[in-house]
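Could you build all of it, start to finish, from the sequences and the hints given here?
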Amino acid sequence: MSKMFKKFEFFLFLVIVALIVFFAFSTENFFTWENLLDLLISYSFLGIMAAGMLVVLISGGIDLSFTAIATVAQYIMAITIIDYSGNLFSAFLVAGIIGIVLGGTNAFLIYYLKAPAMIITIATLNLFYGFTIFITRGKWIYNFPDWFNQSHNVFSFTAADGTYYGIPLPVILLVLVFILTYIILNYTMLGRKIFAMGGNIEAARRAGFNILGLTIFVYSYIGFLSGIGSVGQVLILHSVQPNAIVGRELEVIAATVLGGASLAGGAGSVLGTAMGVALLAIVWNGLIIMGVSSYWHKLIIGLIIICSVGINAYNRKRKA
Amino acid sequence: MNEEILTMHNISKNYGGVHALKSVDFSIKKGEVHCLVGENGSGKSTLIKIISGVVRPEKGAEIIINHQRENYLTPIKSIQKGIQVIYQDLSVFPNLTVGENIFVNYYTKGGIQWVDWKNIKNVARETIKKVKVNLDFNETVGLLSIADRQLVAICRAIATNAQLIIMDEPTSSLARHEIDALFSVIQQLRSAGITVLFVSHKLDEVMEISERVTVLRDGSKVGLFKRTEIDDKKLSYLMTGKEFVQKKLSEKVENRKALLEVKNLSKKNEYKDINFKLHQGEILGIAGMIGSGRTELAFSLFGMNPPNYGQILLEGKQVHFKSNESAIEAGIGYVPEDRIEQGLIMEQTIKNNTTVTIFEKLLNHLKMIDQKKQQSTVQHWINTLSIRTSSIENPVKTLSGGNQQKIVLSKWLATNPKILILDSPTVGVDIAAKNSLYQIMRELSQRNIGIILISDEVPEILYNCHYILLMRKGRIVETFQPEEVTEKELNDKIIGDGQDE
Numbered sequence: 005m006s007k008m009f010k011k012f013e014f015f016l017f018l019v020i021v022a023l024i025v026f027f028a029f030s031t032e033n034f035f036t037w038e039n040l041l042d043l044l045i046s047y048s049f050l051g052i053m054a055a056g057m058l059v060v061l062i063s064g065g066i067d068l069s070f071t072a073i074a075t076v077a078q079y080i081m082a083i084t085i086i087d088y089s090g091n092l093f094s095a096f097l098v099a100g101i102i103g104i105v106l107g108g109t110n111a112f113l114i115y116y117l118k119a120p121a122m123i124i125t126i127a128t129l130n131l132f133y134g135f136t137i138f139i140t141r142g143k144w145i146y147n148f149p150d151w152f153n154q155s156h157n158v159f160s161f162t163a164a165d166g167t168y169y170g171i172p173l174p175v176i177l178l179v180l181v182f183i184l185t186y187i188i189l190n191y192t193m194l195g196r197k198i199f200a201m202g203g204n205i206e207a208a209r210r211a212g213f214n215i216l217g218l219t220i221f222v223y224s225y226i227g228f229l230s231g232i233g234s235v236g237q238v239l240i241l242h243s244v245q246p247n248a249i250v251g252r253e254l255e256v257i258a259a260t261v262l263g264g265a266s267l268a269g270g271a272g273s274v275l276g277t278a279m280g281v282a283l284l285a286i287v288w289n290g291l292i293i294m295g296v297s298s299y300w301h302k303l304i305i306g307l308i309i310i311c312s313v314g315i316n317a318y319n320r321k322r323k324a
Numbered sequence: 013m014n015e016e017i018l019t020m021h022n023i024s025k026n027y028g029g030v031h032a033l034k035s036v037d038f039s040i041k042k043g044e045v046h047c048l049v050g051e052n053g054s055g056k057s058t059l060i061k062i063i064s065g066v067v068r069p070e071k072g073a074e075i076i077i078n079h080q081r082e083n084y085l086t087p088i089k090s091i092q093k094g095i096q097v098i099y100q101d102l103s104v105f106p107n108l109t110v111g112e113n114i115f116v117n118y119y120t121k122g123g124i125q126w127v128d129w130k131n132i133k134n135v136a137r138e139t140i141k142k143v144k145v146n147l148d149f150n151e152t153v154g155l156l157s158i159a160d161r162q163l164v165a166i167c168r169a170i171a172t173n174a175q176l177i178i179m180d181e182p183t184s185s186l187a188r189h190e191i192d193a194l195f196s197v198i199q200q201l202r203s204a205g206i207t208v209l210f211v212s213h214k215l216d217e218v219m220e221i222s223e224r225v226t227v228l229r230d231g232s233k234v235g236l237f238k239r240t241e242i243d244d245k246k247l248s249y250l251m252t253g254k255e256f257v258q259k260k261l262s263e264k265v266e267n268r269k270a271l272l273e274v275k276n277l278s279k280k281n282e283y284k285d286i287n288f289k290l291h292q293g294e295i296l297g298i299a300g301m302i303g304s305g306r307t308e309l310a311f312s313l314f315g316m317n318p319p320n321y322g323q324i325l326l327e328g329k330q331v332h333f334k335s336n337e338s339a340i341e342a343g344i345g346y347v348p349e350d351r352i353e354q355g356l357i358m359e360q361t362i363k364n365n366t367t368v369t370i371f372e373k374l375l376n377h378l379k380m381i382d383q384k385k386q387q388s389t390v391q392h393w394i395n396t397l398s399i400r401t402s403s404i405e406n407p408v409k410t411l412s413g414g415n416q417q418k419i420v421l422s423k424w425l426a427t428n429p430k431i432l433i434l435d436s437p438t439v440g441v442d443i444a445a446k447n448s449l450y451q452i453m454r455e456l457s458q459r460n461i462g463i464i465l466i467s468d469e470v471p472e473i474l475y476n477c478h479y480i481l482l483m484r485k486g487r488i489v490e491t492f493q494p495e496e497v498t499e500k501e502l503n504d505k506i507i508g509d510g511q512d513e
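Here the protein sequences line up with chains A and B, keeping their order. Residues in the first sequence are numbered consecutively from 5, following this note's numbering. Residues in the second sequence are numbered consecutively from 13, following this note's numbering.
Check each hint, because a few of them may be wrong.
Result set (DMTMM-like, lysine to aspartate or glutamate): computed pairs, CA atoms no more than 20 Å apart in a straight line [as the list claims (entries may be wrong)]:
id	chain 1	residue 1	chain 2	residue 2
1	B	Lys-238	B	Glu-16
2	B	Lys-409	A	Glu-206
3	A	Lys-118	B	Glu-15
4	B	Lys-133	B	Glu-151
5	B	Lys-61	A	Glu-206
6	A	Lys-302	A	Glu-255
7	B	Lys-233	B	Asp-180
8	B	Lys-233	B	Asp-243
9	B	Lys-133	B	Asp-160
Just so you know, these hints were derived from the structure itself, not from any lab. Given the structure is predicted, the values throughout are model-derived calculations rather than measurements.
Structure (structure tokens):
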């Protein structure tokens, strides 16, 4: 672990610190408690999905349909709690189950059709999303029950001086997801098998690993995280919109790859992914605060990804 | 010591109408190093697959492992019985550490299981100690040499208490000193009471390591022999049913026209001060181990690795190849060391692979590939080199190693080259196909094509070259005529008294 830290993740850490210092000195509003907390809240959903993407990439796969899964989960969750009421737990439960079912569908298709995961998930992205739009006619949903809209913060209290404190639920969710993913990847045989499968799938098969089972797990996991993450997203926005999430697939993949995950499979870490998301969030936010035209944002993000992938490839080549 | 760990009776296997194995009896004694030899298609791999439980034998088979009778094995059962196969591609996980690779077979238990990193380290450390090899269990396997990866695969087999380790062509990508290291590990396993089944078609290695040898040919067992009963020549006859007479080339070629002349060619950290001449119709041998700079030099002659210093003269005129495109245009062909990665497009048809170098010459007036012309060109080479295939539309991967190599050769011959560079052309090719490749080389030499043959196989160099350059550590250290040395002397010279290490 310390060896890894010396390499890529440490470099990423330095870049993040440098960026924070840069934006802190060049703008007034960046390095404020409010802004940083806002940043954390608004990027929590991206971070949750990135954790799922990390697991998929490590296994040697890829998923482009998880944004559609999140959208489907949001709609069904919203309709359920509006029509049948329920509580926060049931909201997460419905969204999580939808995510697992749709992710599992991806896994079965990828395993049995033996087609590239990218092609299958592009197809299911369109399938899931198209179906949702057809059924809902693209309607926005606002009329959530009060108990739902008030669940944004947990552990909230008002201090003696009248200041309101609270930890936003999406942030707690993000932290829990990162911890869970870290434990699965590093301390369970399941996680190590996912790494092994991403490193050499034929060897994994010969070692007697259940490849179908592992495939189902990784795609259901990103489906599950997209599902529960999407509930967090609704808690922030207080609405369900058909086009709020779909289209952000590449942002998630970018953050994960930025954090050192390999598209070839077998490599990546939760810490790296967290920093990848942080770096993307900081650059985006900093540029907005500095007043840089939004046309430049994507260009700059693109350059950062190229640099990061380049440095990663260079490191690997030097070690080999 | 005479107890049998594995006894097999009446093992047959049919694929469609083809009899891959015909009522073979096979047995291995506990603690011995047993070799299984045979040409490609002799049934070696089918037999291994039956032992490892991947393939089920036909009815009537009997397999006895440690006194227990089975009709067939499944992969799980085979592993439980203490049988571990080390495949040719090693099946290691390049992204995981040495320790985890050694431990990985323990991951197969179901349910939610926690990983105990301390336990992984302990198991890895103990196994490494047991096999007496030098490996760092924290190192990532992807950064290791092929030889070290093989040791990792062996340790993994040992970690699960394997009783019988099957090694499938374990030496195919190892340098000589690595083979020696592997052999001492095998001896180490033997003294620990572990049985080793060594599958190979390299006769010298079989003679060196085995105690007993089972020979297969065309799916039938030819016999079981003690090492002391046989020698290289007899073994080669048993495997192929044919006798191959090897005669050194004795024509003198110095007075012919020089095709290629290399003067003081150097490339930093790769090779230094290389001087030689290649004449018309000459087969020039470059003898050297992997890592001697032989392949780097070949790449330079083929325009893919520009040298820092020195001259390359082609028919007396100095050339500076900027890429292999210009080298091909100048009439040079290169058969690479690794035909699977560099020589062929495995998924593509025989037809396309054979003509890939000459697509431009096959264009009709519409600038489309002339199908008839392509067909007839491919057919011509298939006949000339007697390549065995049912259809030229089959993917190249369906061919045996020897026939694949002939495809690589024919795609270069199609360009009508003046010079052919053959880099270890017979690796993974069986004896009969090897001899037919040697025959082709001699015929090409008759047609005045100059050939550079790079190899570390002693008989290959000795019996097929007019002149031999000995390369070690990036330099040509000695040159001689084949009649000046014996096999033994050349072998010692190539290994260089361990100076390579």
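Evaluated hints:
| no. | hint | result |
| --- | --- | --- |
| 1 | Lys-238/B x Glu-16/B | 16 Å, holds |
| 2 | Lys-409/B x Glu-206/A | 18 Å, holds |
| 3 | Lys-118/A x Glu-15/B | 46 Å, violated |
| 4 | Lys-133/B x Glu-151/B | 12 Å, holds |
| 5 | Lys-61/B x Glu-206/A | 16 Å, holds |
| 6 | Lys-302/A x Glu-255/A | 10 Å, holds |
| 7 | Lys-233/B x Asp-180/B | 18 Å, holds |
| 8 | Lys-233/B x Asp-243/B | 18 Å, holds |
| 9 | Lys-133/B x Asp-160/B | 18 Å, holds |
Checked against the numbered hints above, the structure violates only hint 3.
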